[in-house]
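Undergrad: Top to bottom, those sequences are chains A and B. All residue numbers for the first sequence refer to full-length UniProt numbering, where the first residue is 1 and numbers rise by one. All residue numbers for the second sequence refer to full-length UniProt numbering, where the first residue is 1 and numbers rise by one.
You may find that some hints are simply not true.
Unchecked claim - To spell it out: a stretch of chain A is covered by chain B in this simulated footprint if at least three of its residues, at any positions, have a beta carbon under 8 Å from a beta carbon of chain B; those stretches are:
id: 1; segment: 48–60
id: 2; segment: 63–72
id: 3; segment: 89–98
Stated by the list, open to error - To spell it out: a stretch of chain B is covered by chain A in this simulated footprint if at least three of its residues, at any positions, have a beta carbon under 8 Å from a beta carbon of chain A; those stretches are:
id: 4; segment: 534–546
id: 5; segment: 782–795
Honestly, the hints are just simulated from the structure, not real lab data. Glycine included, every Cβ here is placed at the ideal spot set by N, Cα and C.
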Amino acid sequence: MTVVCDFEVLRPEQGVAALLPDGSQVAVFLTADGSLHALDNIDPFSGAAVLSRGIVGDRGGVPVVVSPVYKQAFELATGKCLDEPAVSVAVHPVRVRDGVVELT
Amino acid sequence: MTQTLVVIGNGMVGHRLVEILRDSSWRIVVFGEESRPAYDRVALSSYVDTWSSADLELTPLTGCELRLGEKAVSVDRERRVVVGASGVEITYDALVLATGSVPFVPPVPGRDLPGCHVYRTIDDLDDIRATVEAADRPGRHSGMVLGGGLLGLEAANALRGMGVSPHVVELAPRLMPIQVDDGGAGLLKRLVEKLDLTVHTGTSASSIERDGTRLIAKLANGLELDLDVVVFSAGIRPRTDLDLGLELGPRGGYLVDAACRTADPRVFAIGECAAVEGVAYGLVAPGYAMAEVVADQLHGGAKTFPGADVSTKLKLLGVDVASFGDAHAQTEGALEVVVNNAVAGTYSKLVVSDDAKTLLGGVLVGDASSYLSLRPLVGKEVPAGLLQPGGAVDVEMPADAQVCSCHAVTKQTITDAIQSGVACDVAELKACTKAGTGCGSCVPMLKKLLTDCGVEQSKALCEHFTYSRAELFEIIRATRITTFTALVEKHGTGRGCDICKPAVASILASLNNGHILGEAQVSLQDTNDKFLANLQRNGTYSVVPRIPGGEITPEKLIVIGEVARDFGLYTKITGGQRIDLFGATVDQLPEIWRRLVDAGFESGHAYGKALRTVKSCVGTTWCRYGVQDSVGLAIELELRYRGLRSPHKLKSAVSGCARECAEARGKDFGVIATENGWNLYVGGNGGFTPRHADLLVSDVDTEELIRIIDRFLMFYIRTADRLQRTSAWLEGLDGGLDHLREVVVDDKLGICAELEAAMESHVSDYADEWRGVLEDPEKLARFTSFVNAPGTPDPTISFRAERGQRVPVQLGIPEVVR
Numbered sequence: 001m002t003v004v005c006d007f008e009v010l011r012p013e014q015g016v017a018a019l020l021p022d023g024s025q026v027a028v029f030l031t032a033d034g035s036l037h038a039l040d041n042i043d044p045f046s047g048a049a050v051l052s053r054g055i056v057g058d059r060g061g062v063p064v065v066v067s068p069v070y071k072q073a074f075e076l077a078t079g080k081c082l083d084e085p086a087v088s089v090a091v092h093p094v095r096v097r098d099g100v101v102e103l104t
Numbered sequence: 001m002t003q004t005l006v007v008i009g010n011g012m013v014g015h016r017l018v019e020i021l022r023d024s025s026w027r028i029v030v031f032g033e034e035s036r037p038a039y040d041r042v043a044l045s046s047y048v049d050t051w052s053s054a055d056l057e058l059t060p061l062t063g064c065e066l067r068l069g070e071k072a073v074s075v076d077r078e079r080r081v082v083v084g085a086s087g088v089e090i091t092y093d094a095l096v097l098a099t100g101s102v103p104f105v106p107p108v109p110g111r112d113l114p115g116c117h118v119y120r121t122i123d124d125l126d127d128i129r130a131t132v133e134a135a136d137r138p139g140r141h142s143g144m145v146l147g148g149g150l151l152g153l154e155a156a157n158a159l160r161g162m163g164v165s166p167h168v169v170e171l172a173p174r175l176m177p178i179q180v181d182d183g184g185a186g187l188l189k190r191l192v193e194k195l196d197l198t199v200h201t202g203t204s205a206s207s208i209e210r211d212g213t214r215l216i217a218k219l220a221n222g223l224e225l226d227l228d229v230v231v232f233s234a235g236i237r238p239r240t241d242l243d244l245g246l247e248l249g250p251r252g253g254y255l256v257d258a259a260c261r262t263a264d265p266r267v268f269a270i271g272e273c274a275a276v277e278g279v280a281y282g283l284v285a286p287g288y289a290m291a292e293v294v295a296d297q298l299h300g301g302a303k304t305f306p307g308a309d310v311s312t313k314l315k316l317l318g319v320d321v322a323s324f325g326d327a328h329a330q331t332e333g334a335l336e337v338v339v340n341n342a343v344a345g346t347y348s349k350l351v352v353s354d355d356a357k358t359l360l361g362g363v364l365v366g367d368a369s370s371y372l373s374l375r376p377l378v379g380k381e382v383p384a385g386l387l388q389p390g391g392a393v394d395v396e397m398p399a400d401a402q403v404c405s406c407h408a409v410t411k412q413t414i415t416d417a418i419q420s421g422v423a424c425d426v427a428e429l430k431a432c433t434k435a436g437t438g439c440g441s442c443v444p445m446l447k448k449l450l451t452d453c454g455v456e457q458s459k460a461l462c463e464h465f466t467y468s469r470a471e472l473f474e475i476i477r478a479t480r481i482t483t484f485t486a487l488v489e490k491h492g493t494g495r496g497c498d499i500c501k502p503a504v505a506s507i508l509a510s511l512n513n514g515h516i517l518g519e520a521q522v523s524l525q526d527t528n529d530k531f532l533a534n535l536q537r538n539g540t541y542s543v544v545p546r547i548p549g550g551e552i553t554p555e556k557l558i559v560i561g562e563v564a565r566d567f568g569l570y571t572k573i574t575g576g577q578r579i580d581l582f583g584a585t586v587d588q589l590p591e592i593w594r595r596l597v598d599a600g601f602e603s604g605h606a607y608g609k610a611l612r613t614v615k616s617c618v619g620t621t622w623c624r625y626g627v628q629d630s631v632g633l634a635i636e637l638e639l640r641y642r643g644l645r646s647p648h649k650l651k652s653a654v655s656g657c658a659r660e661c662a663e664a665r666g667k668d669f670g671v672i673a674t675e676n677g678w679n680l681y682v683g684g685n686g687g688f689t690p691r692h693a694d695l696l697v698s699d700v701d702t703e704e705l706i707r708i709i710d711r712f713l714m715f716y717i718r719t720a721d722r723l724q725r726t727s728a729w730l731e732g733l734d735g736g737l738d739h740l741r742e743v744v745v746d747d748k749l750g751i752c753a754e755l756e757a758a759m760e761s762h763v764s765d766y767a768d769e770w771r772g773v774l775e776d777p778e779k780l781a782r783f784t785s786f787v788n789a790p791g792t793p794d795p796t797i798s799f800r801a802e803r804g805q806r807v808p809v810q811l812g813i814p815e816v817v818r
C-alpha cells in the first residue's frame, strides 16, 4: 500500500504522479464525475515518465489521458491505447480511505 | 539512342513543355535569351512590390540543359542544327519554337527617346524604375501608358507602384476594348480613375519630344502631357525574328497545324509565337495547352489543339473584370441582358441566343464572383431564373465544363478524383488533377465541388465542438464565458480533449482572462503551457528567457551562464536570437526562474502558441548600410506583443535595410526599413512549407506600422483555425492579400478601432507569467515530480556527457509490444 496524497489535493481532470517503494511510478487521475484511476506513469511510446502530465478528456465518451509527448490516448479505466490497440499500460488499484488516496 | 529536343525560348510556355517532358527519354536543351531563370510574366506588375525577381521565378527546371543568356541566332533545318550566340551548335531530332512575342510599338515620332520603354520583361521594369528614379521632379512623378487594354492597365498599375501617376491613352473609344463592352468599360474607367489614373480614350499620341529632363507628349485630341516616363504597351506581336524559312500566319506567328507542327515535321511552335491554323493567341492558357499537345506528339501521341477558351477573369487595379464567350454579342440575333448598378459599382451583361434559351457569353465588371459558374454554361441552356432581376447564378455545371482553364481540367475529371477517393481536399485535388495550380482562380470552385460530392469540408474543431475555432472565439467573446466546463456544457458535448482544451485555453488567454495557470484554465493547458517550459523527449524541460530583439548586456549573459552552470543545463543558441537551456526537471523550474526573474529576465514564451521573438539586425546604430534603427523597433515590437496568445506561434523580425539580414520575410510579420520608413510583410514562414511574406504596406512611419500590425495580429487571432500559422491562414483567406489589406488597412469592415482596442488591452494587461507563478504558492506547488515525495527527482531521468555538456541518456523504448 502506498499513500499518494490527501484526496482534496486532487483536481478534476488533472493528473499527479506517485513514486512507489520499488522506484516505479504511477499516474493518478480524478475525472469530472469523481472517479479515480491509476495507470503506469511511463508513456510506452517515448519511454518518458510523463502520463500524469497529459490532458484528461474523452474520446467518444470514453475517459482518456493523452500522452504529452506523441499524443496517443490511453483509456483511463483499462490502460488501453486507443490509437495503437496492441499497446497498453498497466492499471493499478486505487482507493480513497479516510480522505487519503492510496494505491493498494 | 537518346533523341535530342531543342526548345528555343525559356518563357512560361517553353518552361511548361520542359516540365512535362523532363522525366521522358528525350534529352532536352533549352536556349533562353534572358539570363535569368523562367519567371511568371503574367504577374510581372507585382515585381514592383518587392523588386525581387526571385519572387516571380517558376519552379527551377531539372533534367535538361538550360543555356541561359544564350540567344539562338540561327537554325539550319537541313543539318538539323541550332546555333547559339556563343557559337555553340546543337543538333536536334525535334525543335520547338517558343520565342513568345514582342511588344508592339506604334510608330509615334520620338518613341526611341530615352525615357520611353516597353513593358514585357523584368529588365524592362528595371529600366522604367531607373528612369523614374532619375527624374528630377518635386512631388509625384507623371507617366503615360500607351494602350488601355489588359497589358496597358497592368503597366499603369506597375507605374503606380513606383509612385508615378499614370495617364492611360487608348485609341479605341473604351478601356479593354477586346474583353469589355462600352457599359462595362465606362464603369471600369470610373473605378480606375479613383486610383489616380487619368484615362484618355479615343485618341493617340501624335508625338513625343524631349524638353530638358521632361518628356512632352502631344495627343491627337490636342492635349499636351508633361511626363517623366512613357511606357508602350499597346499589344504584342508574335516573335518570329528567328528566320527558319517557314511560312507565317496571316497576322504573324509561325504557321502550324492543329498538332502545333510546322511544314517541317521536326519543327513545332507553341505559345505566343505560334499561329495555330493561322490564329495566334496572346494568353498563357492556350500556350500551356499547346505545350501539352507537343509533349503528346513527341511521345507518339495524336493529341491536337482543342481551340482556346479566351475567357478572362482578372483583378486589375483592384477591380474585378471578367469576359467570356461571345462577350460582344456578335452572334446573329443575340440578345443582351444588362444590369448596370452605378451605385454599387457593378456591371453585368449576359449574352443569350435570339430565343433566350442558350447562354452565349457575358461581361462582368466590379464583381466577377459569378464568372466561375457562368463561364462553363456558355453554349448550354440558360438556367431558369438567371435572366430575372437579381437572378441566381448558382447553377448546376455540366460535367464537361472546364473548371480550370489554365490546365484544361473539366468538372468530370475533378468529380471522378473526388468520388474515387483519390482526393479528399483542395490540396489533394491540386496534386492529382493539377486544377487550381495555375492562376488559382478556380480554387473556390474546387471547394464547392468537394462539398457537392458530399465530402464534408468540416470546420468542426473536434468531436466535442461542431464550431470552428473562429466561431468559438466569437462565442466566447460574445458570451464572456470564462471556463471550459461552462462552454462545453452549453455549446459542445462530452468532456473535451487534447485538441479543444488547449484551443479554448488559447482563446481565453487572447481575451485576457488572467494568468494561464489560473484554477479554471490549468487543466486545459498542454504540458508546455502547464509548466511554462518546453517538454523534451526524456520528460525534462527547456527554459528560454526573453531577450528582446536579441540585445543583451554582458551582465545578463553572465547570469544565464551561471544559472546553466549551477543547474547543469545544456546550453544552445536558438535561431530566434536567444538562449535555450535544456534538461531542467519540473522541480528545478521554479528555482531556475527565481534566479532569472531576480536578474530582470521574464518568460520568453518559447513554450506557448504566442509571440516568440522579434529578431533584428544591428541597424543604423552600428551598420554602415542601415537606414533605420532596427534593434530599437524590434525591442519595441517584442515588448508590445510579448505574451500575446494566438492560434499558433508568432515570429517576427526587423531588418534595417533591404539587405534583409534579419530574414524578416520568413516571418509571420516582418519589417524591412526603407529610406522613407518601414515596409511591412505578412504571412511568411520557414518550416515545413517555406513561404516568403507578402508586402502589406510600404513606407509607413512607426506609429502607422504598429497600428497596422495591431490590427493584423488581432484579425488573425480572431479568424484563424487552430494551429494555423499566418501563412496558411493568408493562403486560405477568401480574397487573399487584397481582402486582408481592405480589412486591416482600409478598414472596410469597420472593425479596426475594435481590433486596436483589443490590442491595447493586451498591452496594458500584460504581466510576466513566471513572476506570477513564483508569487503564488498554489501555482508553485504543481512543480513537483511526485505528489507523495516532493523534492525527489524523477529516477528515470539520467544524463551523459557530450562535447562538454549534459545530454539525456536515451530512454528504453522497446517496452512497446505490438
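Undergrad: Examine the segment 89–98 of chain A: at least three residues should have C-beta closer than 8 Å to a C-beta of chain B.
TA: Violated: only 0 residues of the segment 89–98 of chain A have a Cβ under 8 Å from chain B.
Undergrad: Apply the coverage criterion to the segment 48–60 of chain A and chain B: a residue qualifies when its Cβ sits closer than 8 Å to a Cβ of the chain, and three qualifying residues are needed.
TA: holds (count 11)
Undergrad: Between the segment 534–546 of chain B and chain A, are there enough contacts, at least three residues with CB-CB distance under 8 Å, for the coverage claim to hold?
TA: Holds, because 4 residues of the segment 534–546 of chain B bring their Cβ atoms closer than 8 Å to Cβ atoms of chain A.
Undergrad: Examine the segment 63–72 of chain A for residues whose CB is less than 8 Å from any CB of chain B, and state whether their number is three or more.
TA: holds (count 6)
Undergrad: Count residues of the segment 782–795 of chain B with a Cβ under 8 Å from any Cβ of chain A, then say if the count reaches three.
TA: That given contact holds, which follows from 8 residues of the segment 782–795 of chain B lying within Cβ reach (below 8 Å) of chain A.
Checked against the numbered hints listed earlier, the structure breaks hint 3 alone; every other hint is satisfied.
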